[in-house]
Amino acid sequence: MLARCLARSGLLVAVAVCVAATATVPTLAQGRAPKGPVEITVGSSAGGTPDVIMRTVVKIMTEEKIVNIPVAVQNRPGGSWANAYNFVLGKKGDENVLLTLASPVFLTPVQQGQPSVVDQLTPIAGFIQSELVLLVQPNSPYKTMKDLIEAAKANPGKLRVAGAQTASTDHLATALIEKAGGVKFTYIPYDGGSAALASFLGGNVEITYGTLEEGLPVFQGGKARALAIMSEKRRPEAAYKDIPTMKELGYDVVFGQFWGVAGPPGLDPEVAKWWEDKFKKVVETKAWKDGLTQRFQRSDFYGGAEAGKYFQAEQTKFRNLMEAVGLAKK
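Residue numbers (numbering that gives the first Met the number 0): 0 to 329.
Keep in mind that the hints were calculated from the coordinates and are not lab data.
Think of the CB as a built atom: it goes at the ideal place given N, C-alpha and C, for glycine as much as any other residue.
It is possible that part of the hints are untrue.
[Claimed, not checked] As a list, the in silico DSS-like pairs of lysine-lysine whose alpha-carbon atoms are at most 27 angstroms apart:
no., residue 1, residue 2
1, 183, 246
2, 34, 58
3, 145, 157
4, 64, 280
5, 246, 157
6, 34, 64
[Said to hold, decoys possible] Label pairs and their calculated CB-CB ranges:
no., residue 1, residue 2, range
7, 119, 279, 21 to 31 angstroms
8, 155, 299, 35 to 45 angstroms
9, 91, 237, 45 to 55 angstroms
10, 69, 143, 48 to 58 angstroms
11, 91, 248, 43 to 53 angstroms
12, 143, 267, 45 to 55 angstroms
13, 183, 299, 29 to 39 angstroms
14, 138, 61, 37 to 47 angstroms
15, 267, 220, 43 to 53 angstroms
Put together the whole structure using the sequences plus the hints.
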């Protein structure tokens, strides 16, 4: 701003005005803290990945004194995240509530033929990404993806997949695998990934998914067999380097999850900026980075307007995928 002012005027008084104006910018950029305690709404049950992520965020914010206001996670499961996002959509301008963004926030409206939710929210930050691993029962006859696909072809609809809510990432991943392999599964939705995994561990279904963090103790503990991951290339970690990608096996399925946060419609831009700065500070902490390594996740950060563009791009991508596999309601 100072450079632009200098270019436009040779007057000393103009320089002084520009310097004074420039001096106010850092104050504005810091934003304004919300008044009172804040709820971070999560649309899945306790123990699922979005819940764990947000509780980790709150723990770091509190312990490292990044925020000095009470912040708590509130689970509002049901309706494939519709309960959570409708709650926040109804809190126009409310400084005391945020919404955790997960794939169902983008997918459910498409599946139900409703307007985009993210276009109505106030973007704050996108900050964490992960891939999925496909798991089958440890005593099943499916040693490879080829075995699984051949069995599914021979018995359309017989093999059951436990996953998160209808129109979740798990649901879309299933549809993409069905399309790539020319097969049909029976998809059984649960309130979240943790509930789906519990059903799988109880022997109720043949197939499920997990984030790389969720899947590791399950297959390393002999409770599942990991057949493939849905990343562009193999993971470098010792625990995953021998597990092939679906793409290298001939199934064009590269898919994962990401999480972020947004405010209700009409949130004060200064409050949104304040939160953006706080989330950025969280992802810069050692505690957060150590957690990423343990959870096999990435933390590409998008804030403010950039986050808004990122969310819109993801919405377009998800809509196109949903339409391609027949899950979008016209």
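Ascending list of hint numbers which this structure does not respect: none
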